[in-house]
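Construct the entire structure; sequences and hints are all you get.
Those protein sequences? They're chains A and B, same order as listed.
Each residue of the first sequence is one higher than the one before, counting from 0 in numbering that gives the first Met the number 0.
Each residue of the second sequence is one higher than the one before, counting from 0 in numbering that gives the first Met the number 0.
One or more of the hints may lead you astray.
Over the 10 Å line for every Cβ pair with chain B, so calculated as not near, a few chain A residues [stated by the list, open to error]:
| id | residue |
| --- | --- |
| 1 | P97 |
| 2 | H98 |
| 3 | G193 |
Here are the simulated distance ranges between beta carbons [stated by the list, open to error]:
| id | chain 1 | residue 1 | chain 2 | residue 2 | range |
| --- | --- | --- | --- | --- | --- |
| 4 | A | H201 | B | V315 | 22 to 30 Å |
| 5 | B | R414 | A | G232 | 48 to 56 Å |
| 6 | A | Q161 | B | R396 | 22 to 30 Å |
Listing some non-contacts, in silico: residues in chain B with all C-beta distances to chain A over 12 Å [said to hold, decoys possible]:
| id | residue |
| --- | --- |
| 7 | I66 |
| 8 | Q115 |
| 9 | N116 |
| 10 | L285 |
| 11 | S382 |
| 12 | E400 |
| 13 | D439 |
| 14 | Y476 |
Calculated from the structure, these hints are not laboratory results.
Keep in mind it's a predicted model, so treat the numbers as computed, not measured.
Ideal Cβ placement from N, Cα and C applies to all residues, glycine included.
In case you want the letters, here they are:
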Amino acid sequence: MIVVEQLVKSFGSNRVLHGIDHTQSRGEAVVLIGPSGCGKSTFLRCLNQLETADSGSISVAGVTVKSGQKESRAASHKLQRELRMKTGMVFQQFNLFPHLTALQNVTTAPVVVKRMNRRAAEVLGRELLAKVGLEQKADAYPAQLSGGQQQRVAIARALAMQPEVMLFDEPTSALDPELRDEVLRVMRQLVEEGMTTIVVTHEMQFARDMADKVLFFDAGRVAESGPPEEIFGNPRNERTREFLKRVAVK
Amino acid sequence: MKHALRWARSGGALTIAILLLLGGSGHAFAADTLDSIRARGELLWGADAEGGAPYVYPDPEHPEKLIGFEVDLANALANRLGVKARVVQNQWDQLIPALERGNFDIILNGLEITPQNQQQINFARPYYVYAQQIVTLTGTTNLTTLADLKGHPVGVLAATAAQRLVQAFGGIDVRIYPGNVENFQDMKAGRIDAAVLDLPIALFYAKPDPALRLSGEPFAPGYYGIGVRRTDPELLAALNQAIADLLADGTIEKIDRKYGLWDERQAVLKDYHQEAVAQRKTISTLREWPKYLPLLLRGAVTTIELSVLGMALAMVTGLVIVLIRLYSVAPFRWFAQAYVEFIRGTPLLIQLFLIYYGLPEIGIRLNAFVAAVVGLGLNYAASEAENYRAGIQAVPRGQMEAAQALGMSHGQALRHVILPQALRMVIPPVTNDFIAMFKDSSIVSVITMVELTKVYGMLAMSTYDYIGLGLMTAGIYFALSYPASIFAGRLERRLQRDRR
Ligand SMILES: Nc1ncnc2c1ncn2[C@@H]1O[C@H](COP(=O)(O)OP(=O)(O)OP(=O)(O)O)[C@@H](O)[C@H]1O
Ligand SMILES: [Mg+2]
Numbered sequence: 000m001i002v003v004e005q006l007v008k009s010f011g012s013n014r015v016l017h018g019i020d021h022t023q024s025r026g027e028a029v030v031l032i033g034p035s036g037c038g039k040s041t042f043l044r045c046l047n048q049l050e051t052a053d054s055g056s057i058s059v060a061g062v063t064v065k066s067g068q069k070e071s072r073a074a075s076h077k078l079q080r081e082l083r084m085k086t087g088m089v090f091q092q093f094n095l096f097p098h099l100t101a102l103q104n105v106t107t108a109p110v111v112v113k114r115m116n117r118r119a120a121e122v123l124g125r126e127l128l129a130k131v132g133l134e135q136k137a138d139a140y141p142a143q144l145s146g147g148q149q150q151r152v153a154i155a156r157a158l159a160m161q162p163e164v165m166l167f168d169e170p171t172s173a174l175d176p177e178l179r180d181e182v183l184r185v186m187r188q189l190v191e192e193g194m195t196t197i198v199v200t201h202e203m204q205f206a207r208d209m210a211d212k213v214l215f216f217d218a219g220r221v222a223e224s225g226p227p228e229e230i231f232g233n234p235r236n237e238r239t240r241e242f243l244k245r246v247a248v249k
Numbered sequence: 000m001k002h003a004l005r006w007a008r009s010g011g012a013l014t015i016a017i018l019l020l021l022g023g024s025g026h027a028f029a030a031d032t033l034d035s036i037r038a039r040g041e042l043l044w045g046a047d048a049e050g051g052a053p054y055v056y057p058d059p060e061h062p063e064k065l066i067g068f069e070v071d072l073a074n075a076l077a078n079r080l081g082v083k084a085r086v087v088q089n090q091w092d093q094l095i096p097a098l099e100r101g102n103f104d105i106i107l108n109g110l111e112i113t114p115q116n117q118q119q120i121n122f123a124r125p126y127y128v129y130a131q132q133i134v135t136l137t138g139t140t141n142l143t144t145l146a147d148l149k150g151h152p153v154g155v156l157a158a159t160a161a162q163r164l165v166q167a168f169g170g171i172d173v174r175i176y177p178g179n180v181e182n183f184q185d186m187k188a189g190r191i192d193a194a195v196l197d198l199p200i201a202l203f204y205a206k207p208d209p210a211l212r213l214s215g216e217p218f219a220p221g222y223y224g225i226g227v228r229r230t231d232p233e234l235l236a237a238l239n240q241a242i243a244d245l246l247a248d249g250t251i252e253k254i255d256r257k258y259g260l261w262d263e264r265q266a267v268l269k270d271y272h273q274e275a276v277a278q279r280k281t282i283s284t285l286r287e288w289p290k291y292l293p294l295l296l297r298g299a300v301t302t303i304e305l306s307v308l309g310m311a312l313a314m315v316t317g318l319v320i321v322l323i324r325l326y327s328v329a330p331f332r333w334f335a336q337a338y339v340e341f342i343r344g345t346p347l348l349i350q351l352f353l354i355y356y357g358l359p360e361i362g363i364r365l366n367a368f369v370a371a372v373v374g375l376g377l378n379y380a381a382s383e384a385e386n387y388r389a390g391i392q393a394v395p396r397g398q399m400e401a402a403q404a405l406g407m408s409h410g411q412a413l414r415h416v417i418l419p420q421a422l423r424m425v426i427p428p429v430t431n432d433f434i435a436m437f438k439d440s441s442i443v444s445v446i447t448m449v450e451l452t453k454v455y456g457m458l459a460m461s462t463y464d465y466i467g468l469g470l471m472t473a474g475i476y477f478a479l480s481y482p483a484s485i486f487a488g489r490l491e492r493r494l495q496r497d498r499r
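Have a look at this one:
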């Protein structure tokens, strides 16, 4: 489903990803943990092409983008967009469109990108809002919603493009603790339904419960990976142990 | 006669009207001005060098020096009074108010002795007999009388006897120009078929030009006279004596001949007897508002049309420019940026001149209305582009990323996500620009458009009621722009409330 090989990414002279390899099969839930600045967001952003890698290849659901090769701009643009259509992204800051209602936030991309009939898009949109528990808020603007509600709309918005993979970049970090559960609940449900997901999070309980595999990132490398019981119960890497201790203390 | 950059003039007149209203007019001259002229040893004469040849104009060889038949005449008169002459520059169609305010002692600048002018000031005995002359292109032969001009576009200079004459004749499509050069240029560009001018101008400019011809006989003769304040009877008498002397000893004939202006008509000057003049009748345009307000409102309609169409053009063009500037490839981007810098770095007046008088030279001939809309629109486009740019850059980066993550192309993201937010943010500055354009649009009278300010100027010229007309005109501008201001303010508050 997802195959990443030797992914390298630098910002100027600052190398952020040092050749990441990652394989993930359909329906698997992967949780990414690691200290701040280790490259977790950059990895996710490369996966859906918000950042262009320097070299390496990314393959999601049969669409492969190889970086660092000479291709025509148009051809690579087309591939990039195809890859994006396979992945849905949920941001730490929600990034909802403030000028659109919750429902319009969800329906705009299907209508604009997939040329879905507006009626059909609205039916789908209401279905998805219901799924995240917000059917009542279809006509509310983002400014009228709480943070947790906004993030749930953002999840529905990403799902509307019917992606094969959902990417979450610290989806609960910007939320007050009492609002986090409603978002985590939606994410749990998605994982249980068999959605392929990669989640960057500091919610260790979520990782323990839901992850099939946990990746520990350190300084742009996968320092350790394995099932959660292994990583949390018996971490082999010194850096992993340090990191988990710090997180636990918090 | 002549010119005066009309927009500046009208603005000036409006200001004067308000100043008069606030400060009261000031004839604080107890003694006759003749005494102060003698005391200071200088005769201050008001004239407008921009009006041009052959009256008072910069010497082409030494542009810092003024020459002209009136310069020579002023020197000869001052000599008679035993003083030196010094010219005071003043817009031509504001000479009478300026004289009344005491900016100079006399007006000596092709001022026609008309009943209207005589209601305001006294005239010394005339020093020149002028007549009206039709000027056409050399190839035109069928336009030799005013009656022939019916239905034709005909140029006249702002605030001249010719303007009054042609307007009063009726049926002629009158175009009003700020200066001689523009008048003849537009005739060569084919926008007008003929011009009616004071003979001296025709003799000086059109006669030597092989492309132009003096068509038919001069008609409607009249006198140029020296204007004097009503409070200066002694100065008036002294001037009358001096002029009589200069006529008798041939000085005036010599001066006229020097500039090619002498003709047999001038002979009547020697035995001129002033007719009794009706007392000045003050017209209160405020009291007679049913007559004047509709005229002003018709001008206001043109002003509204100009600013609405101009702003629409500016908003669309500005959007194209900002999209090119922000999102296209190098050479286009530079072009868009250069456009913005060029437009913002040059005066609107010059841009209008280039569009209206300049473009015909490369074969692009726009009528005045189109040229005015295009000029205003392209000018404001630069400012709208900058407004949009600020708006677009104020949309957080995450919005573009979220849209792209959903599979939208750059263009789709712009259209559905970025621009709707940016446009909302720019509504207040764009509304403010609209109000500014509404007032700026008065500048287009330099390319013969008759809008609100121009109507004001034309009416003020014939009624001299600067205050009444000024109040009505200012009132119309205010009545139209204040609601727009309120609207902009409301919108701004509402948008602020919606913001997260
Ligand atoms: N657009 C950018 N330009 C330059 N440097 C960047 C950019 N984005 C990220 N970086 C750098 O890349 C490194 C990795 O950043 P990244 O955001 O991937 O870390 P992270 O693991 O997500 O951290 P956090 O837990 O704080 O979100 C950091 O040193 C960061 O400063
Ligand atoms: Mg991050």
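A quick look at each hint next to the structure:
{"no.": "1", "hint": "P97", "in the structure": "violated (6 Å)"}
{"no.": "2", "hint": "H98", "in the structure": "violated (5 Å)"}
{"no.": "3", "hint": "G193", "in the structure": "holds (22 Å)"}
{"no.": "4", "hint": "A:H201 to B:V315: 22 to 30 Å", "in the structure": "violated (49 Å)"}
{"no.": "5", "hint": "B:R414 to A:G232: 48 to 56 Å", "in the structure": "holds (51 Å)"}
{"no.": "6", "hint": "A:Q161 to B:R396: 22 to 30 Å", "in the structure": "holds (26 Å)"}
{"no.": "7", "hint": "I66", "in the structure": "holds (66 Å)"}
{"no.": "8", "hint": "Q115", "in the structure": "holds (60 Å)"}
{"no.": "9", "hint": "N116", "in the structure": "holds (62 Å)"}
{"no.": "10", "hint": "L285", "in the structure": "holds (49 Å)"}
{"no.": "11", "hint": "S382", "in the structure": "holds (24 Å)"}
{"no.": "12", "hint": "E400", "in the structure": "violated (5 Å)"}
{"no.": "13", "hint": "D439", "in the structure": "holds (32 Å)"}
{"no.": "14", "hint": "Y476", "in the structure": "holds (35 Å)"}
Checked against the numbered hints given earlier, this structure breaks hints 1, 2, 4 and 12; the rest are met.
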